[in-house]
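Chains as they are written, first to last, in numbering that gives the first Met the number 0: chain D, 0 to 559; chain W, 0 to 310; chain G, 0 to 683; chain F, 0 to 284.
Since the hints were made in silico from the structure, they are not lab data.
Just so it is clear, CB atoms sit at the ideal spot from N, CA and C, and this is done for glycine as well.
Any given hint could turn out to be false.
Unchecked claim - In silico DMTMM-like pairs for lysine to aspartate or glutamate, Cα to Cα no more than 25 angstroms straight-line:
{"#": "1", "chain 1": "D", "residue 1": "Lys-208", "chain 2": "W", "residue 2": "Asp-79"}
{"#": "2", "chain 1": "D", "residue 1": "Lys-287", "chain 2": "F", "residue 2": "Asp-51"}
{"#": "3", "chain 1": "D", "residue 1": "Lys-287", "chain 2": "D", "residue 2": "Asp-517"}
{"#": "4", "chain 1": "D", "residue 1": "Lys-148", "chain 2": "W", "residue 2": "Glu-70"}
{"#": "5", "chain 1": "D", "residue 1": "Lys-373", "chain 2": "D", "residue 2": "Asp-317"}
{"#": "6", "chain 1": "D", "residue 1": "Lys-365", "chain 2": "F", "residue 2": "Asp-112"}
{"#": "7", "chain 1": "D", "residue 1": "Lys-423", "chain 2": "F", "residue 2": "Glu-113"}
{"#": "8", "chain 1": "D", "residue 1": "Lys-148", "chain 2": "W", "residue 2": "Glu-196"}
{"#": "9", "chain 1": "D", "residue 1": "Lys-394", "chain 2": "F", "residue 2": "Asp-43"}
{"#": "10", "chain 1": "D", "residue 1": "Lys-55", "chain 2": "D", "residue 2": "Asp-244"}
{"#": "11", "chain 1": "D", "residue 1": "Lys-148", "chain 2": "W", "residue 2": "Glu-199"}
{"#": "12", "chain 1": "D", "residue 1": "Lys-98", "chain 2": "D", "residue 2": "Asp-242"}
{"#": "13", "chain 1": "D", "residue 1": "Lys-112", "chain 2": "D", "residue 2": "Asp-126"}
{"#": "14", "chain 1": "D", "residue 1": "Lys-423", "chain 2": "F", "residue 2": "Glu-48"}
{"#": "15", "chain 1": "D", "residue 1": "Lys-424", "chain 2": "D", "residue 2": "Asp-407"}
{"#": "16", "chain 1": "D", "residue 1": "Lys-136", "chain 2": "W", "residue 2": "Glu-49"}
{"#": "17", "chain 1": "D", "residue 1": "Lys-423", "chain 2": "F", "residue 2": "Asp-112"}
{"#": "18", "chain 1": "D", "residue 1": "Lys-148", "chain 2": "W", "residue 2": "Glu-217"}
{"#": "19", "chain 1": "D", "residue 1": "Lys-365", "chain 2": "F", "residue 2": "Asp-270"}
{"#": "20", "chain 1": "D", "residue 1": "Lys-506", "chain 2": "D", "residue 2": "Asp-517"}
{"#": "21", "chain 1": "D", "residue 1": "Lys-148", "chain 2": "W", "residue 2": "Glu-52"}
{"#": "22", "chain 1": "D", "residue 1": "Lys-358", "chain 2": "D", "residue 2": "Asp-485"}
{"#": "23", "chain 1": "D", "residue 1": "Lys-424", "chain 2": "F", "residue 2": "Asp-112"}
{"#": "24", "chain 1": "D", "residue 1": "Lys-208", "chain 2": "W", "residue 2": "Asp-92"}
{"#": "25", "chain 1": "D", "residue 1": "Lys-424", "chain 2": "F", "residue 2": "Glu-113"}
{"#": "26", "chain 1": "D", "residue 1": "Lys-373", "chain 2": "F", "residue 2": "Glu-48"}
{"#": "27", "chain 1": "D", "residue 1": "Lys-98", "chain 2": "D", "residue 2": "Asp-552"}
{"#": "28", "chain 1": "D", "residue 1": "Lys-148", "chain 2": "W", "residue 2": "Asp-302"}
{"#": "29", "chain 1": "D", "residue 1": "Lys-148", "chain 2": "W", "residue 2": "Asp-295"}
{"#": "30", "chain 1": "D", "residue 1": "Lys-424", "chain 2": "F", "residue 2": "Asp-51"}
{"#": "31", "chain 1": "D", "residue 1": "Lys-148", "chain 2": "W", "residue 2": "Glu-49"}
Stated by the list, open to error - Simulated restraints, written as ranges between beta carbons of each label pair:
{"#": "32", "chain 1": "W", "residue 1": "Gly-59", "chain 2": "F", "residue 2": "Gly-91", "range": "36 to 44 angstroms"}
{"#": "33", "chain 1": "G", "residue 1": "Ala-129", "chain 2": "F", "residue 2": "Cys-107", "range": "55 to 63 angstroms"}
{"#": "34", "chain 1": "W", "residue 1": "Thr-4", "chain 2": "G", "residue 2": "Ala-129", "range": "38 to 46 angstroms"}
{"#": "35", "chain 1": "G", "residue 1": "Arg-532", "chain 2": "W", "residue 2": "Thr-235", "range": "46 to 54 angstroms"}
{"#": "36", "chain 1": "W", "residue 1": "Pro-232", "chain 2": "F", "residue 2": "Gly-91", "range": "35 to 43 angstroms"}
{"#": "37", "chain 1": "G", "residue 1": "Leu-586", "chain 2": "F", "residue 2": "Leu-99", "range": "43 to 51 angstroms"}
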Amino acid sequence: MNIRIQGGGRHARAIRRTSTVLAALALTSVTAVACGSDDSSDTPAAASATPVAGGKLTYATVQEPSCIDPGYDPSTVTGVIDRNIFDSLVSQTATGETKPWLATSWTVSPDGKTYRFSLRDGVTFHDGTAFDGAAVKATFDHAVDPETKSLYAAALLSAYQETRVIDPRTIEVVLTRPNASFLQSVGSPFLGIQSPASLERSAEELCTKPVGSGAFTFVSWTKNRDLVLAKNPAYQWAPDAADHDGPAYLDGITFQFISDDTARFGALTSGQVNVINNVPAANIRALKANGSLQYLRADSPGLAYSLILNTGREPLSDVRVRRALLRSVNLDALVESVYFGEYNRAWSLLSPTTIGYDKSLEGTWKFDAALANKLLDEAGWTQRDGDGFRTKDGKRLTIVWRTGAQLDRDGRGVVAQGVQADAKKVGIDLQYISEDVGTFSQHIFAGDLDIWGGNYQRPDGDILRFAFASDQGITKGGGNLFGLQDPTLDRLLNEASTTTDEAVREKNWADAQQYVIDNALAVPLTVGANLVGASNKVQGLRFEQSSNLTFFDTWLDPTK
Amino acid sequence: MRSTTWWLARRLALAVLVVVGAATVAFGALQLVPGDPVHVMMGGAAPSEEVYERTRHELGYDQPLPVRYGEFLGQLLRGDLGQSYQLHQPVADVIGSQLWPTVQLALAAFGLAFVVAAALAVTTAGRRSGWRRVASAAELLMISTPGFWVGVLLLTFFSFRLHLFPVAGGDSLAGLVLPAATLAIGLIGVFAQVMREGLERALEQPFVLSARARGTGETAVRLRHALRHALIPMVTLSGWIVGSLLGGAVLIETIFSREGLGRITATAIAGRDLPLVTGVAVVAATIFALLNIAVDLLYRVIDPRMKEVVR
Amino acid sequence: MADSDPLLAVDDLRVSFATRGGPLAAVRGVSFTLAAGECLAIVGESGSGKSVTARALVGLVGAGAAVSARRLELAGQDLLALGERDWRRVRGRRVGLVLQDALSSLDPVRTVGAEIAETLGNHRLVPRSARPARAVELLAEASVPEPALRARQRPFELSGGLRQRALIASALAGEPAVLLADEPTTALDVSVQAQILDLLAARRADGVAILLISHDLAVVGRLADRVAVMYAGTIVEEGGVDDLLRSPRHPYTRELLAAVPSAHARGTRLAVHRDAAAAPAVAAPDAAGCRYAARCPLAEDRCRMADPPAIDVGHPAPGAGLSADVPRPAAVDLGLPAVEKGPPAAAAGPARGGGTAAAAVAHRAWCWRIDEPWPAPPAGPARGRVQHADDVVIEVDTVWKSFRGPDGSRRPAVRGVSFQLRVGETVGLLGESGSGKSTTAEMVLGLLEPDEGAVLLRGRPWSRLGESARRPDRHRIQLVPQDPLGAFDPRYTVERLIGEALRAPGRRAAARQRGRIVELLGLVGLDASVLPRRATQLSGGQRQRVAIARALAPEPDVLVCDEPVSALDVSIQAQILDVFADVQDALGVAMLFISHDLGVIYHTCDRVLVMRDGELLEQGDVERVLRAPAHDYTRALLAAVPRLGPATGQVPAGSGAGDAAPADGLGVGSNVGFGVGSGVGPRR
Amino acid sequence: MAGVARRSAGRGRRRIGPGVAVSALLVALIALAALWPGLLARADPNAAEPVDALLGPSGAHWFGTDQLGRDVYSRVVHGARVSLFIGVGATGIALLLGCLIGMLAATCGRLVDEILMRITDVLLSFPGLLLALLVVAMLGPSSTNATIAIGLSSAPGFARLVRGEALAIREAGYVRTAVTFGAGRARVYLRHLLPNALTPLLVLALLSVGAAIIAGSSLSYLGLGPRVPTAEWGSMLAQGKDFLTISWAMAVFPGLAITVTVIAINIVGRDLQRRFEGRHPVGRF
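Please build the complete structure, drawing on both the sequences and the hints.
Structure, rendered in structure tokens:
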């Protein structure tokens, strides 16, 4: 993602303010649900007991990374794994505050273009190399090096010009223009500091044998099976955001890759693994009912899972048809039946935990098949063909929704079929085509899609700019797939990213969300959430603001 | 002796031809897969133009097809399978690490299927009894049931419900039981029927009558005389067996979340990981070709009449 | 049999099989006895129940068969009471079984030694370590040369004769008192056949009781003391071998003997029935009366009402009484008194017949009509009366042909063969398996190109032509194959089969095709009712008739007949040979008649070519060649054949089968090269 | 001995056993479901009623409902079309290609034979499912493409068999004798070789329909089948397995549908094979 702050360096303070808002939201979004009986004599896990060191944790995750060089790979699972191997300059608490980590303190130049970091002493990488300014420089230079072909880290460092090593304990990062998200980005695992010695190695080794300074060291990675980390006993530089100092409690973490939902859940219930993510919604009732397991969930911030509609093509170029589609879907019933209430339906393009979420949209565009039918009639789709679909001038009201087969997970295919069935009820022939990534990407670049369905996990409303601003076309690496040129949205979103006024920013993002719904530029479907199941033994599991799990404070309760 | 050497040399030459052919087919097929290979490789992420061009150049996609094919063949003949696009590792390493679990699974499944089928066949061949009817019905059921369904049911029952076996992965013996059983079930029916038919045909042969007329007992007749003849059609099936084992591994490894060649191939094909797919094709073809040679040699052992080996 | 209890006593043996249509009786009341050192032969055509009878004696008739008997005793022990375990102790130890075709009767993937040792092991006769040595000894006892080497070899590595010896050795390894020999010589070349019979005779001389099962009267005549003739599950006639073969009394026995082709029968019909309708010897569903009545020319009403009783024939003096009605020439040619001929191995021992005189053997027939005269053999089309025009249809001019063996070397199959075939004549091509006779025939047919030399058709090039040039004349040479079942497209009906041949290029499409087909069928003794049938729905005889009709359809000049009767029972063979004679009489086609059977050649042919190892050894008028052979090989061949023995003393007595065959490198030697696939030469 | 019994058993027309009769009936029923599914199931297979999701079997929904509240019975009935289409279509393609390649190899001389057989060797060296995956990757997932993929991956096997049969038949007496009637090569091949090489394969083809159905459902299971919401047994099963612990019906009935269909086809096929083998003297397979 590219988050650029334009308009000079007077706005550095806004960054802190942003973090505060974020923190508040994060607080409300993370809910730990104790398992077992509702009378809740069990207190939430972390509250009382004293952590005990020892034991290995097995975490079954749905995704397997293809490369765990944080400078290269963009996938969420890479972030989760690398968080344990790499330390960042700064840390963020679950409440969203930015705290020192490898950088003990930092200052920002008045123009917002230069950040000066004082670095912690006594930190060594897993390969024995000492941490210093050169390591930071090497890491950042690696991320932006075209050779690295970075798919995400480089974007986090947008406007990066250079890193100056003032002395071994002091560096300056110079940007070409201010970047409001810079500190937040630097705290991301994707900019975790790598051993400069290890960065000399080939891309292949960087991908498969990462070397950082984190609380866990990389041990092995067997494709299609697992990735094993071991405790770094020398670890004495825990982030300030963490609950404890010194080495991690766990002796090691094994990430098991179990893509099959049923198998993953079965692995948890049979005790083969301690923690799983993406608990199949259908199994959550069983999970809650199981006295030896606990259930934790966190809504993900960013763009909710939504259908972005192509206004440049018939028939969705007609706003009435778009509105009809928006109103034809009985989302409440559909989401309830597919996800058993564990995922929420979305009212806005942004998920509720995103900075800038407009709560006022809730309840404003309820399911209304009659309205949808009326709108379609008005739009001239009055005839019906033999299959019950609407037609105009002999042409069927057909909307094609393509997706890549690999993107079809978390029950999205089922949601799609529900949307399809609802659309049919008002006479829309919605064709859902799940195809291989090659064909799908071909369609994306040809721009001949009617609908694109997807989500982005990002902290704030700036994601709207990524998805809708006219300068964010796909060939520029942006997310405006259909090349939408909407002056209203452009004004609202660009102003939001440059203004220093928090209120203006909030208002613009709210207006933009409103505008998207009014003009039915998209159909928000569900709010993504990280649904985690864990054994009761597992204590101190934490969600990051991103809704990812961290394991530094996690320990295994031998009494359970 | 000279003719055997000559025969082996010819067969090995043909094997090389088959391997190169298989690699070519894989290479060609992936050229025809729709979509821009670079985009596919990035897995849907939208790279900037610079990254895109650089990747394209590195992978040689800015070269014309014949040049790429030539380089591909040259690499192949040097024994270099290249570097996986998606896993960022040498293909040989990837296959090397994934081959053994699959081979383990395949061997276990084959062994299980063979033993069960042989027992079924030997005890029921040529006998009209209720037990034979039950066995035949069971075989038909096993042949007609999709392996993935069996796998799901076994997994649900034995792992989720009874917690008897690990749910996912596991290089332990216990972790091998269900996948091997699932894979074996598809084979047992075929094996048992082929062996029974072979046994029955052998039992009708005059030499069995002679053996019986010498006072040889029924069990000895079946094991000492008939079984060996029943194995010959089994050997003929070897190509099919290897195909089913490797093909079945794709499903089994997915269902049981096992590592292995099958699963890695499925993802490689979907991700258009050309070097990995061709690498797997080369390995599969090599196994196939060597196995065929081994089988023809085995024929000579099982049935010494086969002086001139049939192709 | 009066002086002592027999070794084997069978009384009223009945065997029936369960089928979908109810029980089917295969053996219905067979009784006989067998003494030590005696050989009883059971003779019958396929399906007569003779093999089932033998297998009942070792308890191996198979599952689903019901066996009953009033008495079934081996040396006083009741076999009917045996359980499976007890049977195992009998099999191999007290009763041995030798089957036809040792290639399939010995486990092809095990060594000969192992097979023999199996018997020893089953009955714990010899300690495990001593078994291989004992197996070698047993092979040596069965006159197998280099027994130690042979024991390590597998059946397919041995010649047919050695294989059969090995099989006999394995059956005798347990030193059984009784040996059941079921068609022990059937697939073998004549010279090898003679050696095997000698081996069996030697064992009999040692005191082994032999039950010989055969369809071949000549084989029986050579080995047996007594003969029982079986028809449809019952014994219809039994008696001493000389009596029975010289003076057959039951009409069926008489039909069988008359059907054997030989020199005497030239110019006469062999078969009682001309048409193909005659009932087969297969056991029919239960019905009252004599089974043979349906086919018997002498049958009267009472025959069909009730089973005829056994009638004692007595011991007629040679040449006296009723034997005058019997086709005597057959008996003369066939029934050579063993005492006169004397197999070499038995020469030193007691004559035969378990120490009792042959005269003591009762001769009985189950027939009321044994005193009826047998209808005189109908005259066939006269042989030799046809004046052969000098027109040469086929000229084979020093053709050579070789094939690439599995090891890549070229092996000659035909070496410089030359002969001519003239209009209206029948030329026999005589030779043992691997002699190159089939390859020669294929070159005549234009299916193979000679490597050197040429085949000319009516003086014009034939073999050197391209296929398209040959096509218009293809119809002139037609094939009657050995195995018509394989030669018929399995999907075709008879009508379509013959229709296909009628449309051959160079022929005008017959206007009334169906009429022509019926006409052709009439020529071979079939009627229109077979038109809609497929090959598998025809009997063996009918198939061969259709094959002949089809070969005649394109109005050929030449018929190439490749062992056309060798797969048939003797009575059917007789019918088919009659058909050939009729056809030639009616149409005057030239025939190249390939056979390994001297009798058939003698009966059918005008001239004969004798081949061995691809070479033409001798050719000439059939009378001349077979009566006064010029070549040693022909002489040896004749000597080895029991049926054309020295009745007239023309074959020097010194060159008996046993001496002549090995000396000529025949038999064993000649078989080594073509061990696998008996009866068929190397084909592509 | 036993020959007597066997002959009379083989000669007589075989009666149709109860198992075969039931199977034939089932095959007819499945064919009916494929052609006119509306006759057997009234409910719209794609009508979602989220309120009624994951119901167990009942009078209203015989096989229960899936997670969108669609009627599983109706979807199973409608699924017959895709499965049968794949089964029959793939076998047809395999047979056609197999015959073409096999006949060419058997009749066009050593060089053509050698080349074609090396090509089939190459294709055979791919495990069937992988070849199918590759083809689907090339063509994109859909039932037609799955059909082509499975057809292509089983064609080499058929080609081998046709070639073997044709070579054996080429040496059979009736082909050689047909030449002596002066029939041309083309005529002999067309009249005798092809039909006779084909006949045993037709029964085998019927048996391979069952295998193709399973292969098709395997592809669907891996997400490479027909596009949603088309009812297809393999993809229904793939969806249903996630709910096995909650609603067994969703995964069990589509699986049963596959198994029952394949069993019925196999029983009928084998019965035909037995009848047929009785009257076909040339080459077994």
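Checking each numbered hint in turn, tell me which of them this model violates, lowest number first. Hints 3, 6, 7, 8, 11, 13, 17, 18, 19, 23, 25, 28, 29, 35, 36 are the ones this structure does not satisfy, whereas the remaining hints hold.
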